[in-house]
Amino acid sequence: MTETRLRIGFIPLCDAAALLIAVDKGFAAAEGLDIELLREVSWSNVRDKLNIGLFDAAHLLAPVAIASSLGLGHIKVPIVAPFGLGVNGNAITVSPGLHAEMIEAADGDILDPLVTARALARIVAERKRNGAEPLTLGMTFPFSTHNYQLRFWMAAAGIDPDDDVRLVVLPPPYMVESLASGQVDAFCVGAPWNSVAVDLGVGCILHFSSEILAHAAEKVLALRAHWADENPDAVAKLVRALDRSAAFIEDPANRGEVAALLAAPHRVGVAAEVIERTLEGRLKVAPDGSTRTDKRYLLIGHNGAARPAPVQAAWLYAQMVRWGQAPLSAELLAAAKGVFRPDLFDAAVQSKGANATAPVDGIGGFAGPAFDAEDITAHLNFWALKQH
Amino acid sequence: MDASLNIVIVDDSPVRAAILEEGLREAGYVNVVRIEGTTKLLARIYALDPDVILIDLENPSRDVLEQMFQVSRIVKRPVAMFVDQADSASIQASVDAGVSAYIVDGLKKERIKSILDLCISRFNAFSRLQTELEQTKSALEERKVIDRAKGILMKAKNLSEEQAYALLRKTAMNENRKIAEVAQSVVTAAELFK
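First to last, the protein sequences are chains A and B.
The working numbering applies: residue 1 is where the first sequence begins, and numbers increase by one.
The working numbering applies: residue 1001 is where the second sequence begins, and numbers increase by one.
If we strip away everything but chain A, and leave its shape as in the complex, we get (with noise of 0.2 Å):
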């Protein structure tokens, strides 16, 4: 067998598993596949690699795949994603002195998103009248699954997320220092570093996002759709072996083998500890030593997380479209749910089943209507409403 190689650039984050178990385990190599593995320091980088071909895939943020593809932001690179390479995987963390003020605030169970985006509204309102700074909250990029989450969740409480608060770009590995030193008060990040934060003692993990929105699209493989036109057998044995790769993590026995291998420096470069925790889903959450668990907390191939689904784009195009990053049509909304490619991803496996675990909607916010990718005027009209 001729073998294939192929560069792909990642982020160290725990959502590349996937990609970096097919490659430490021989999955990609049973493929004929010989992967390069591209460790990034920022997500422009990783865009910008795919997007001239030095890279021939990414590990990369979902709505990244859908801004290059629509041109927003950047130049119009269309890209396709034939494997989901992570669902939902962030929290979100405050400092524990606002998390002490939110547990003042709250009206009701602040395991509540609904709850703490109220205490929010009214801490918020409350530093408006006295003319204190705005809180300060961090996310990972413009167009990031983490921005979306944190607006969404505030949004539901009337909070304006442009306008009440500041909303920041920050690096992830700079994230759990700028809670410490005080520059953000609160932030959206995935995993490994609210964990990180929690056991410094300089964070408390508020909300899991998988309690802002059962199941969010996370990361995504991302490919030049040229490139995936002209190598359609590259794309299928990438896709069997990040298959492989998902079912492998997400079996229980090779846990401790799984985290070990990422912990590795040149992977994810964090406590094989932690990552363990992550892939259970069993989290510290404050630094006195409680946790939460929750099965759904990151899915790397289970419950349906491997099949993208066009209604994860459509809601994201949606999100952009909410907060002014792209315009309203429906040549974009059918051209962003075009990136997500189920086919490419049942040409090349078989299929699972339903996912019996899955949202109705596909989407499961916790706040508002059931979602319509068919129809996301309605989603749009009814938060816009929402907000006066």
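These aren't lab readings, by the way, just hints derived from the structure by calculation.
Where a beta carbon is used, it is the ideal one built from N, C-alpha and C, also for glycine.
Worth double-checking, as some hints may not be accurate.
Computed cross-link-like contacts, DSS-like style, restricted to lysine-lysine with a CA-CA straight-line distance of at most 27 Å [what the hints assert, rightly or not]:
#, chain 1, residue 1, chain 2, residue 2
1, B, K1040, A, K128
2, B, K1155, B, K1144
3, B, K1157, A, K49
4, A, K295, A, K284
5, B, K1137, B, K1157
6, B, K1157, B, K1144
7, B, K1144, B, K1113
8, B, K1137, B, K1113
9, A, K76, B, K1157
Restraint ranges, calculated between C-beta atoms of paired labels, are given here [unchecked claim]:
#, chain 1, residue 1, chain 2, residue 2, range
10, A, K76, B, R1034, 55 to 65 Å
11, A, R122, B, D1096, 43 to 53 Å
12, A, G108, B, K1113, 51 to 61 Å
13, A, E331, B, E1058, 30 to 40 Å
Just a few of them, taken from the derived set where beta-carbon distance is under 10 Å, the chain B residues facing chain A [to be verified]:
#, residue
14, T1038
15, L1057
16, E1066
Since the structure of chain A is provided, determine the placement of chain B on it from the hints.
Okay, now just chain B, sitting in the frame of chain A:
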């Protein structure tokens, strides 16, 4: 050439930033400011009100700069990246060199071309310099190991320096290895026998 352009360099490598800054000054650009660190990066950039921002690709803060494109109340001036659909060659060249540039919207491309070209050549010069430095360093290391191995052989086998070196060279040739590798084996073995 437009000497009045405000240029900001975001680079955590002081040597490379200095090389770049010097190049820009030589080319006649007088308003060049270098900033480092991550604290309130955007606020500091906005305060400087640059026409051009240059950032190295090893810098995770590049994602922070992407926020400048967003519609948000903290944006004072719209900024766009110095690349458009037609510019894939210059993206390729700058990514290869490891630098990225952002310019204010509306600035003519021709006015900026010389800056980006200069950046690319200085970044390339810097990485050549770094490679040379590493090669010199490893050559020096090899020399040290060979000297130690010679000393060990001279003592153990009662050889002259020339004889010890000849033995190392002959062994390396026979085993098809580098002299430094054979020397390292000798040093390691000697340490085991200590």
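Results of checking the hints against the structure:
| no. | hint | result |
| --- | --- | --- |
| 1 | B:K1040 <-> A:K128 | holds, 22 Å |
| 2 | B:K1155 <-> B:K1144 | holds, 17 Å |
| 3 | B:K1157 <-> A:K49 | violated, 56 Å |
| 4 | A:K295 <-> A:K284 | holds, 14 Å |
| 5 | B:K1137 <-> B:K1157 | violated, 30 Å |
| 6 | B:K1157 <-> B:K1144 | holds, 20 Å |
| 7 | B:K1144 <-> B:K1113 | violated, 47 Å |
| 8 | B:K1137 <-> B:K1113 | violated, 36 Å |
| 9 | A:K76 <-> B:K1157 | violated, 70 Å |
| 10 | A:K76 <-> B:R1034: 55 to 65 Å | violated, 33 Å |
| 11 | A:R122 <-> B:D1096: 43 to 53 Å | holds, 52 Å |
| 12 | A:G108 <-> B:K1113: 51 to 61 Å | holds, 59 Å |
| 13 | A:E331 <-> B:E1058: 30 to 40 Å | holds, 38 Å |
| 14 | T1038 | holds, 5 Å |
| 15 | L1057 | holds, 6 Å |
| 16 | E1066 | holds, 6 Å |
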